[in-house]
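Asks: The lines below spell out each chain.
Protein chains: 2
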Amino acid sequence: MIDITTASGQTDRNVRNHHHHEEDDSSTNYSSTFGGIHETADIPGIGQYEDFHTIDWQRDIARDRMRHRYIIKKKQDSVWSLIQGAHDAWSGWLCVLLVGLFTGVVAGVIDIGASWMTDLKFGICPQAFWLNKEQCCWSSEETTFDTGNCSQWRTWSEVLGQSRTGAGAYVISYLFYIMCALLFAALSASLVRMFAPYACGSGIPELISKQMYLMPIIGNILSYLFPKYGRNEAKKREILSAAAAAGVSVAFGAPIGGVLFSLEEVSYYFPLKTLWRSFFCALIAAFILRYINPFGNEHSVLFYVEYNKPWIFFELIPFIGLGIIGGVIATIFIKANLKWCRYRKYSKLGQYPVTEVLLVTVITALIAYPNPYTRMNTSELIYLLFSQCGISNADDLCDYNRNFTDANSAIEWAPAGPGVYRAIWLLILALILKLIMTIFTFGMKVPCGLFIPSLCLGAIAGRIVGIAMEQLAYNYPKNWLFSGECSTGYDCITPGLYAMVGAAAVLGGVTRMTVSLVVIMFELTGGVRYIVPLMAAAMASKWVGDALGRQGIYDAHIALNGYPFLDSKDEFAHTSLAADVMQPKRNESLAVITQDSMTVDDIEALLKETEHKGYPVVVSHESQYLVGFVLRREINLAIANARRTVDGICGQSLVIFTNSNPPQTLGPPHLKLKKILDMAPITITDQTPMETVVDMFRKLGLRQTLVTHNGRLLGVITKKDVLRHVKQLDNEDPNSVLFN
Amino acid sequence: MIDITTASGQTDRNVRNHHHHEEDDSSTNYSSTFGGIHETADIPGIGQYEDFHTIDWQRDIARDRMRHRYIIKKKQDSVWSLIQGAHDAWSGWLCVLLVGLFTGVVAGVIDIGASWMTDLKFGICPQAFWLNKEQCCWSSEETTFDTGNCSQWRTWSEVLGQSRTGAGAYVISYLFYIMCALLFAALSASLVRMFAPYACGSGIPELISKQMYLMPIIGNILSYLFPKYGRNEAKKREILSAAAAAGVSVAFGAPIGGVLFSLEEVSYYFPLKTLWRSFFCALIAAFILRYINPFGNEHSVLFYVEYNKPWIFFELIPFIGLGIIGGVIATIFIKANLKWCRYRKYSKLGQYPVTEVLLVTVITALIAYPNPYTRMNTSELIYLLFSQCGISNADDLCDYNRNFTDANSAIEWAPAGPGVYRAIWLLILALILKLIMTIFTFGMKVPCGLFIPSLCLGAIAGRIVGIAMEQLAYNYPKNWLFSGECSTGYDCITPGLYAMVGAAAVLGGVTRMTVSLVVIMFELTGGVRYIVPLMAAAMASKWVGDALGRQGIYDAHIALNGYPFLDSKDEFAHTSLAADVMQPKRNESLAVITQDSMTVDDIEALLKETEHKGYPVVVSHESQYLVGFVLRREINLAIANARRTVDGICGQSLVIFTNSNPPQTLGPPHLKLKKILDMAPITITDQTPMETVVDMFRKLGLRQTLVTHNGRLLGVITKKDVLRHVKQLDNEDPNSVLFN
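Listed in order, the protein sequences are those of chains X and L. Just add 99 to wherever you are in the first sequence, counting from 1, and you've got the working numbering. Just add 99 to wherever you are in the second sequence, counting from 1, and you've got the working numbering.
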């Protein structure tokens with residue numbers, strides 16, 4: 100998905116948006132470019148994009164090959180050229196290495212900062228304010244850390260001279276919680292405003308969230324260091340894919356999951372070489388993060404689960420049930436979030452993004468504080484929900500009537516105490532609150548994350564189902580379902596596993612990932628024995644999600660924003676032919692340039708009359724046999740260049756696109772433009788079924804194709820024509836295909 | 100890679116091979132077909148393949164869409180059609196479900212059988228001969244199973260009245276070992292002969308080994324139950340991809356690794372839908388195998404490792420070193436194996452496959468028995484090498500000078516005893532023997548596996564390096580490298596982890612997998628904490644392998660067998676244009692059919708004179724503007740059909756490919772063949788760079804493309820032309836592009 104538009108970090112965003120709305124008002128307008136192979140370096144400006152144009156992969160890859168060959172040819176000339184050649188060959192690996200390094204470092208710094216700021220919501224370490232709670236307690240060398248507090252660490256109410264409990268302390272804590280949340284929101288908002296220019300143009304912000312948001316920005320900036328990537332949008336996408344993989348790799352400690360996520364969700368064009376580069380980039384980032392070790396412990400697996408018990412066959416039924424629940428929750432989330440985002444987009448709210456962020460923060464903090472499960476850090480909550488109730492776990496959730504005699508003994512099977520039921524009610528409340536909060540926060544200008552909240556929603560639902568199953572098995576141990584495995588007297592059902600499966604189900608329903616989801620889940624938890632349950636829930640959730648609402652959250656947001664993205668997941672199921680879709684329609688005439696019979700004035704008049712971004716070149720107006728394709732931008736540049744540098748070129752000069760010189764008459768000298776002619780445009784016949792055309796657009800990354808019949812040019816189909824046609828057939832408004 | 104040729108289970112293999120050598124002798128011959136979209140059902144035989152033709156993905160996918168639309172249109176007609184429609188919609192999922200079910204069951208049966216047969220090499224359970232050693236000992240309820248023997252289980256020397264030890268016993272055991280090995284080899288050879296017709300045609304046997312070998316056969320057979328897949332080679336490949344994923348899933352208990360293996364190595368065309376189907380298929384197979392539980396225990400993770408200790412940073416250096424060693428071993432293996440296979444192919448040996456199998460078996464068994472590490476089952480050896488030396492491990496490999504006081508205590512750090520050094524020598528010997536054995540066995544008619552032997556080679560090398568590191572750290576604990584982490588007195592280096600990394604390195608070097616390799620490794624071992632070491636070794640091994648020898652074993656075998664496979668991993672790095680590659684060359688003339696001026700006799704003469712598999716249809720011989728493309732096979736069928744069914748068709752009848760009727764003169768009636776004309780052939784211009792052409796062939800799955808200039812037809816490029824051109828540029832023999 101990050102291939103959508105070209106990025107630019109320099110110009111002001113509003114200006115560009117304005118500019119583009121203008122361009123897109125003319126609906127017969129088709130964007131175009133050349134995909135051929137010839138050196139274009141001598142006319143300045145040729146071969147580059149304007150901002151926000153769709154990318155022509157064919158052209159960009161051809162350009163890169165040209166550059167590559169030029170370097171190889173020059174290699175023999177001198178030692179310096181040899182070094183340049185070696186640098187060029189290695190610059191891809193070097194660039195992803197740098198991206199990996201920076202990603203790892205940035206993630207480490209963010210993790211340390213985030214952990215400190217999260218704890219700052221609750222209190223401070225007076226001796227050394229830069230330490231977080233865990234480090235503070237570590238430095239005091241108290242061993243009672245498991246209960247969560249130590250004497251070195253002061254809550255805000257203690258700092259202000261109040262006791263640790265009581266109404267006054269509660270109010271003070273509440274106020275500090277809200278204030279800190281506001282402070283961080285303001286900080287993030289200003290950070291985002293700072294970095295936005297580097298990300299906004301590329302369609303990334305809506306797609307990649309939390310710290311993953313930062314990584315493609317790193318990739319974008321670093322790619323400018325390497326002309327091979329910085330100046331070639333198609334090649335740059337390879338770096339961005341790698342950066343996305345590295346982002347997931349550090350955000351969740353899931354390097355392989357990151358690569359697969361990049362493959363399944365982010366990338367449009369994913370050659371095997373990109374797979375290896377992404378793999379390398381994710382590896383480096385994971386290694387650096389592991390080296391920095393931001394959590395000061397062996398925290399390389401984010402939600403590491405200690406249990407390792409095999410699951411029982413009948414559990415597959417509740418697991419699939421969780422998949423269905425996950426699909427339903429995900430569908431509710433997607434639909435509501437889309438409604439809200441659409442409202443934001445078309446109402447006045449969209450003009451005050453910072454106000455919105457601050458308002459939502461205050462409301463969220465107000466609602467979240469009273470419930471301990473919404474008050475705590477979401478990651479901590481997930482960790483709690485995934486874990487098994489052991490001897491050291493003091494949470495209400497683990498209030499079972501059991502006695503631990505020995506830390507090493509197996510966990511006894513026990514009925515739930517009143518704390519568990521209290522916890523269930525609070526969890527249900529937390530589920531509803533978190534769902535509503537996430538609906539409003541996802542899509543805000545400050546990226547608030549999608550993965551962690553989705554995992555959390557699912558983990559809550561899963562844990563509740565898990566506790567229900569556990570107590571059912573405890574109360575009816577003689578039932579044939581449980582009698583086989585649950586007769587040993589030990590815990591045969593692990594509620595934490597249900598939380599894990601539920602988390603996978605909701606995340607799967609929201610994003611519609613499958614393989615990458617399961618890989619991420621077991622990289623997150625280390626639960627390699629639970630592949631089958633995770634896979635079953637992911638499949639069920641995806642099916643339910645697909646049945647209830649066609650699109651995952653990413654595709655839905657792309658559609659909402661009107662990016663010209665040809666989704667490779669949808670099948671084109673209509674019977675139309677290329678002739679039905681192409682421009683111009685029957686009674687209009689096609690704007691073409693002839694190869695050797697038009698003057699400079701004729702061409703300039705044509706450019707003035709029409710707004711197309713490119714023009715086919717034909718043998719003559721009568722025969723219309725196709726010769727090639729030429730871009731508006733390049734004709735303009737070439738004519739201007741010729742007027743400046745060549746004597747005698749004037750309005751009456753004939754423009755010649757062929758090699759053979761027509762006899763020079765008495766008039767002014769000819770203007771030879773074969774150099775800018777793309778002699779190898781992709782063509783199709785008018786009888787080609789649109790499925791094949793769509794397939795070609797997707798797989799070859801075309802921006803337009805020329806339509807012929809018996810060799811004669813009939814018209815042009817652009818990517819936008821295809822998208823409009825699809826919308827029309829789906830009974831949607833074809834004019835919603837725009838940029839932003 | 101399983102897309103190479105069409106499969107056939109009926110005709111005799113030798114006959115087909117002969118037939119194809121004949122066809123390929125004519126080098127100007129180009130294979131071709133049509134990629135259009137029109138109903139071809141009325142002329143019998145049209146739209147099907149002959150055996151061993153390359154697949155035209157465009158055409159097959161178009162055919163499937165037609166069929167799909169026809170069913171949807173008919174849906175409204177009756178309830179029966181509705182059911183048919185539903186069946187059609189679900190048949191893909193149903194088919195992969197069945198494949199998954201069968202795969203799971205077959206794998207379970209094979210696992211049970213293999214485990215019994217492996218133990219039968221050493222002895223028997225006299226009370227119940229159908230039990231393997233483990234089950235036999237379980238039934239006797241002895242608790243001393245860990246040491247490996249129980250009184251119920253009799254070795255062959257005991258059965259024959261000898262003692263358990265002594266020279267006589269050794270000879271008897273040796274003989275039985277060889278006899279059993281021979282017996283199983285003969286059995287496998289006859290099984291393979293039975294199943295071969297279902298697999299040979301499809302290019303599978305050389306690629307997929309051991310039980311994975313069986314799975315695509317299951318897919319192939321089951322797909323015939325569903326006309327949607329059985330009759331459409333492109334669609335069938337989707338099922339085969341899923342079957343390959345299921346095969347890896349059950350062979351190694353690695354469902355996700357299987358899906359990724361299928362993505363990275365096996366499949367040429369892998370849409371997202373296939374990803375999900377493969378995922379589902381792998382899931383079902385894994386589930387069924389888990390349900391059958393062939394090992395009678397919780398053996399769902401094949402080489403489960405118990406240790407969970409974080410690795411230390413400086414260990415990255417030996418890990419990368421292992422990657423390099425792995426790359427070297429893999430290159431030696433690939434080169435030697437290729438030499439041997441090439442010798443087998445062109446010598447008399449290739450004519451006696453069964454003799455070869457039996458001979459190799461005897462020699463292997465003779466050599467393998469004396470060394471305990473080659474005598475034992477390879478999987479057991481890998482398990483032993485991966486594991487940590489615990490209290491219950493009695494092997495020489497664990498002969499450390501340490502005392503276990505408590506089973507739960509951490510493992511003390513200790514110097515190696517004499518047993519360890521003995522074991523190292525035997526392991527080095529085993530490494531050399533196994534390497535030589537595998538060179539000769541991979542590529543035999545009986546599939547002998549590649550994954551497990553590769554893993555084993557790497558595990559041996561890794562374990563040796565691991566022990567060396569461990570003893571180094573023990574002897575120099577004050578060295579700055581070790582002082583940080585190894586000062587606690589406990590074992591800080593795990594030789595088993597080195598074995599794991601080494602195994603990944605060799606397998607990675609042999610197959611050049613990356614992401615799928617790491618996923619398979621951690622599904623195999625559960626070592627989720629060791630992603631970074633595994634990734635580092637895999638990358639190093641791949642780089643070394645790529646530097647020393649260009650191809651992985653699969654690609655090398657494809658090249659050896661001359662399959663027309665356009666590898667998507669290689670970049671096409673030459674500057675040639677379509678005009679340089681196309682047929683015919685400059686002074687030959689192109690065989691074309693005109694749209695309305697040739698008689699039946701003219702066409703039949705043309706077909707007799709030329710051997711092309713398809714002919715372009717043009718407006719007239721003078722202008723050569725392209726109208727469409729028609730297949731030799733279909734012209735023949737259509738003419739024969741018309742002669743039989745339409746009155747008056749004779750040699751003088753004009754053949755008309757247009758809609759408009761030329762004035763009917765006095766002669767015989769016209770033969771209208773617009774129906775078999777593909778009106779939408781893929782065309783390119785003669786100036787198109789060959790990179791773009793190769794890209795189109797790969798991504799669109801073309802079999803040929805037509806070359807035009809200014810709308811006029813110039814020639815044809817087929818997939819084989821492209822492959823020959825690549826070979827020519829690489830200074831290889833272009834005539835080696837053949838089938839088999």
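Please keep in mind that the hints were generated in silico from the structure rather than gathered at the bench. Each hint should be verified, as a subset may be incorrect.
Since copy identity is lost for identical chains, a pair holds within one copy or between any two.
[As the list claims (entries may be wrong)] 20 Å max Cα-Cα, derived SDA-like pairs, lysine to any residue:
1) K771 with N392
2) K327 with W192
3) K372 with R649
4) K826 with Y276
5) K438 with L647
Asks: A separate judgement is required for each hint: does it hold in the structure or not?
Replies: Going through the hints against the structure:
With identical chains, the CA atoms of K771 and N392 are never at most 20 Å apart, being 63 Å at best within one copy and 76 Å at best between copies. Taking CA atoms no more than 20 Å apart as the test, K327 paired with W192 passes inside one copy only; the shortest distance there is 12 Å, against 44 Å between copies. Proximity of K372 to R649 under the C-alpha cut-off of 20 Å is restricted to the inter-copy arrangement: shortest distance 15 Å between copies versus 32 Å within a copy. Neither within a single protomer nor between protomers do K826 and Y276 lie at most 20 Å apart by alpha-carbon distance, with minima of 47 Å and 69 Å respectively.
For the identical chains of this complex, K438 and L647 are intra-copy neighbours only, at 16 Å inside a copy versus 57 Å across copies, given an alpha-carbon limit of 20 Å.
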